[in-house]
Amino acid sequence: MDFRWDIIAEYAPFFLKGTLLTIGLSVASILIGTVLGLFIGLGKMMRNKLYALPFKWYINFFRGTPLMVQILLVHFAVVPSFLGTTNAIFAAIVALSLNSAAYVAEIFRAGIQSIDRGQMEAARSLGMTHGQAMRNVILPQAFKRMIPPLGNEFIVLIKDSSLAALIAAPELMYWGRAMQGQYMRPWEPYLTAAVIYLVLTLSLSFLLNRLERRLATE
Amino acid sequence: MIQVKNLKKSFGINEVLKDINVTVKPQEVVVVIGPSGSGKSTFLRCINMLETITGGHVYVEGIDITDKKTDINKVRTEVGMVFQQFNLFPHKKVIENIMLAPMKVRKVSAEVARAKGLELLRKVGLVDKAEAFPDSLSGGQKQRVAIARALAMEPNIMLFDEPTSALDPEMVGEVLEVMKQLAKEGMTMVVVTHEMGFAKEVGDRVLFMDGGLIVEENIPKELFDNPKEERTKAFLSKVL
Amino acid sequence: MKKLKMISLVLSAAFLFILSACGTSKTNGDGEKKTLRVVTDAAYAPLEYQDKGEIVGFDIDFIKAVAKEAGYKIKVEHVGWDPIFVEIKGKTADAAISSITIDSKRQQTYDFSIPYFLSKNEILVPKGSSIKSTKDLEGKKIAVQNGTTGQEVVEKLFGENNDKLKKFENNNLAILELKKGGVDAVVADNTVIETYVKNNPNDNLDFIEDDATFNKEFYGILLPKGSKLKAELDKAVNKVLDNGTYEKLYEKWFKTKPDIKILKDQQK
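Protein chains in written order, with the UniProt record's numbering: chain A, 1 to 218; chain B, 1 to 240; chain C, 1 to 268.
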């Protein structure tokens, strides 16, 4: 079977452009999703069941429905109702952030609840407020335990960002599809895209491993 | 100093404290003994509201801590607590464990907090461990750090919740030594313990709890040598 | 360079293995009447689509008529657009019918039957749009379905992969993008656009023909390069065109008469 390296070379600038946008989409969504996820996780842990309910259903909705549908909804319904027009990159970031926030919220909750109750009691018995105890005692310890599952979530998010091709956000997979559409050859574009995704996710795991090791020695 | 009136505490349908009335005077050392499940730890934890109180009132230095308007965080700065499981902060060095609360709650500067922390570590004999992480300490050392951490807030009252129960026998002495020293300096203390020797030697008064009630209270000599209640006799015959 | 060759060799071997595992056309005992495996992307009404799970459409009726003439049994399978080309390239399917336009780029890798269908692109715009012809598309945002001739023609006019062009997974999404104001026009096949406008009068959309710019396109049955079936199928296609079957099917699906002459002219 022949493999046409020449058309990959021809599309290299587009793959580069797409890769940069994929990195941009992923980084933005990871940051927004993490911050939002922290709030939603804390919201879900509220003692008052009524207050916690919206957060619980946020997580249920975004974890329980396909990301593809969420992206289409955000792109064709939510964003146009605010901007009056569509914006694929904006919609992709919004959808990916909202989606990953649901997973991050659960990771935060699990991380916080894995810390021994005595830690909170010791902090409170010293006169610290709940917030001070969270910030200074619980979260720093919980964060260390959250790194592996968060890393996992971030890797999934990088790959899931390929669904943005569906709404014509010109990221990596979009150019893979475009190349496929032009040459009617599936392997060259999709394997090239796969290799680039692999490089991206491996780089992220590498960074996370280093972070984990550094925190472990602290 | 501490006044407990008709204190009741339930976990669900399980009534752990039925009707507790106690007064602790300044500089008094009160030792609470009793079989496990008698409610003595819960009683102690009610004094600084680590447990929400089901009924009755607890006054600390005249302030009703069961009153919703009371700033419980402020009261807690006056009441130090030492736990059975030490509960040191594992992500912070020994000295940082001690400095954290004064800096965050009392807004003391880092230099002042460090100086105070080192002074307290000298007092409990662990100044050389200031830069160590808690995981590298023995149980007895951890508990001495925990005491220093509580003292850093300069409390007027110290609560001890079975401070030596999680320790290997050879380490019990060093912790009790620190506690004796504190008592000698005039600290008001409420101590839940199984160390009858400590109760006899240091306690001004001993409370015997069983089934969520204070069954008998007296000066140590009387309570140990001449118990009046049957349940006290039965318990003492088992532990002495 | 040697390294790259090694990698491509390993990858190729891997594909071959995967593809051969997918199975190929079956012959029954005596070997005279084969059952052909025909693949399609049944997402393009009314040419090929799924009606409650059953694959139907003009193309499907047509390929059945052709197979009958050629003396084959067929089994039509919906595999999706991209997989069509994998299957035909790997010879795991015997033929594909899926409104596939015959063009020179595709002919580098595949064979086609003689043309069986005429199609041309049209422009879909909101009613009252300033766009009246392809000339007016200059500088406008355009949505197309990825990999279609609509995309090709727009790229030929305004540059390959230009910034104003959005390639969608299918025409429905492209049209939705138009309705939501993300683009100014959609370029797609006449059958798609006209059917949509006819079926959705409330959307206030209009279609624009521009025969001067948009080339006529001809659909063919996609075959593996060098397929021995080509001669037999070509003969059968001509029979279906000549004996009135084609006209009957065309009227059934499009409610108008086909231009058979233009198809026959293409064969010259």
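Take the hints with a grain of salt, since some may be wrong.
Only pairs whose alpha carbons sit at most 30 Å apart, straight line, appear in this in silico DSSO-like list of lysine-lysine [to be verified]:
#1 A:K49 - B:K129
#2 C:K156 - A:K17
#3 A:K44 - B:K69
#4 C:K264 - C:K252
#5 A:K144 - B:K129
#6 A:K17 - C:K225
#7 A:K159 - C:K135
#8 B:K92 - B:K68
#9 C:K156 - C:K132
#10 C:K135 - A:K17
#11 B:K123 - A:K44
#12 B:K8 - A:K49
#13 C:K164 - A:K17
#14 A:K17 - C:K141
#15 A:K144 - B:K104
#16 B:K69 - A:K49
#17 A:K17 - C:K105
#18 B:K107 - A:K144
#19 A:K144 - B:K92
#20 C:K252 - A:K159
#21 C:K198 - C:K230
#22 C:K73 - A:K17
#23 B:K238 - A:K44
#24 A:K144 - B:K93
#25 B:K200 - A:K49
#26 A:K17 - C:K179
#27 A:K159 - C:K164
#28 C:K255 - C:K216
#29 A:K44 - B:K221
These are calculated hints, taken from the structure and not from any lab test.
The hints, checked one at a time:
For the hint pairing K49 (chain A) with K129 (chain B), the CA-to-CA distance comes to about 45 Å; that exceeds 30 Å, so the pair is violated. This hinted pair checks out: K156 (chain C) and K17 (chain A) have alpha carbons roughly 21 Å apart, not beyond 30 Å. As the CA atoms of K44 (chain A) and K69 (chain B) are separated by approximately 27 Å, the hinted pair is consistent with the 30 Å bound. The suggested pairing of K264 (chain C) with K252 (chain C) holds, with an alpha-carbon distance near 21 Å, which does not exceed 30 Å.
With a CA separation close to 24 Å, the supplied pair K144 (chain A) and K129 (chain B) stays within the 30 Å bound. Between K17 (chain A) and K225 (chain C) the CA atoms are separated by roughly 34 Å; this puts the pair beyond 30 Å, and the hint is violated. Restraint check: the Cα-Cα separation between K159 (chain A) and K135 (chain C) comes to about 39 Å, which exceeds 30 Å; the hinted pair is violated. Note on K92 (chain B) and K68 (chain B): the hinted pairing is violated, with a Cα-Cα distance of about 33 Å set against a maximum of 30 Å.
Between K156 (chain C) and K132 (chain C), the direct Cα distance comes to roughly 19 Å. Compliance with the 30 Å bound is thereby established for this hinted pair. Between K135 (chain C) and K17 (chain A), the direct Cα distance comes to roughly 29 Å. Compliance with the 30 Å bound is thereby established for this hinted pair. Only pairs whose Cα atoms come within 30 Å are accepted, and K123 (chain B) paired with K44 (chain A) is rejected, the gap being roughly 44 Å. Restraint check for K8 (chain B) and K49 (chain A): the C-alpha separation of about 26 Å stays at or below 30 Å, so the hint holds.
The straight-line distance between the Cα atoms of K164 (chain C) and K17 (chain A) is roughly 15 Å, inside the 30 Å bound, and the hint therefore holds. Under the criterion of a C-alpha separation no larger than 30 Å, the hint pairing K17 (chain A) with K141 (chain C) is consistent with the structure, at around 20 Å. Using a Cα cut-off of 30 Å, the hinted pair K144 (chain A) and K104 (chain B) holds, with the two alpha carbons roughly 22 Å apart. Taking the CA atoms of K69 (chain B) and K49 (chain A), the gap is near 24 Å; set against the 30 Å cutoff, the hint holds.
A C-alpha spacing of about 25 Å is found between K17 (chain A) and K105 (chain C), which places the hinted pair at or below 30 Å, so the restraint holds. For the hint pairing K107 (chain B) with K144 (chain A), the CA-to-CA distance comes to about 27 Å; that is within 30 Å, so the pair holds. This hinted pair checks out: K144 (chain A) and K92 (chain B) have alpha carbons roughly 13 Å apart, not beyond 30 Å. Distance hint between K252 (chain C) and K159 (chain A) is unfulfilled; the C-alpha atoms sit about 45 Å from each other, more than 30 Å.
A hinted pair counts as satisfied when its Cα atoms are at most 30 Å apart, and K198 (chain C) with K230 (chain C) does not qualify at roughly 37 Å. In summary, the hint linking K73 (chain C) to K17 (chain A) is not supported, as the alpha carbons are separated by about 48 Å, beyond the 30 Å threshold. Proximity of K238 (chain B) to K44 (chain A) is assessed by CA-CA distance (about 48 Å); at most 30 Å being required, the pair is judged violated. A threshold of 30 Å between alpha carbons decides the hint, and for K144 (chain A) with K93 (chain B) the separation of about 16 Å falls inside it, so the pair holds.
About 49 Å separates the Cα atoms of K200 (chain B) and K49 (chain A), which puts this hinted pair outside 30 Å; it is violated. Between K17 (chain A) and K179 (chain C) the alpha-carbon distance is near 28 Å, which keeps this suggested pair within the 30 Å criterion. Restraint check: the Cα-Cα separation between K159 (chain A) and K164 (chain C) comes to about 26 Å, which is no more than 30 Å; the hinted pair holds. With a C-alpha separation of about 20 Å, the suggested pairing of K255 (chain C) with K216 (chain C) holds against the 30 Å cut-off.
For the hint linking K44 (chain A) to K221 (chain B), the alpha-carbon distance of about 54 Å lies beyond 30 Å, and the restraint is violated.
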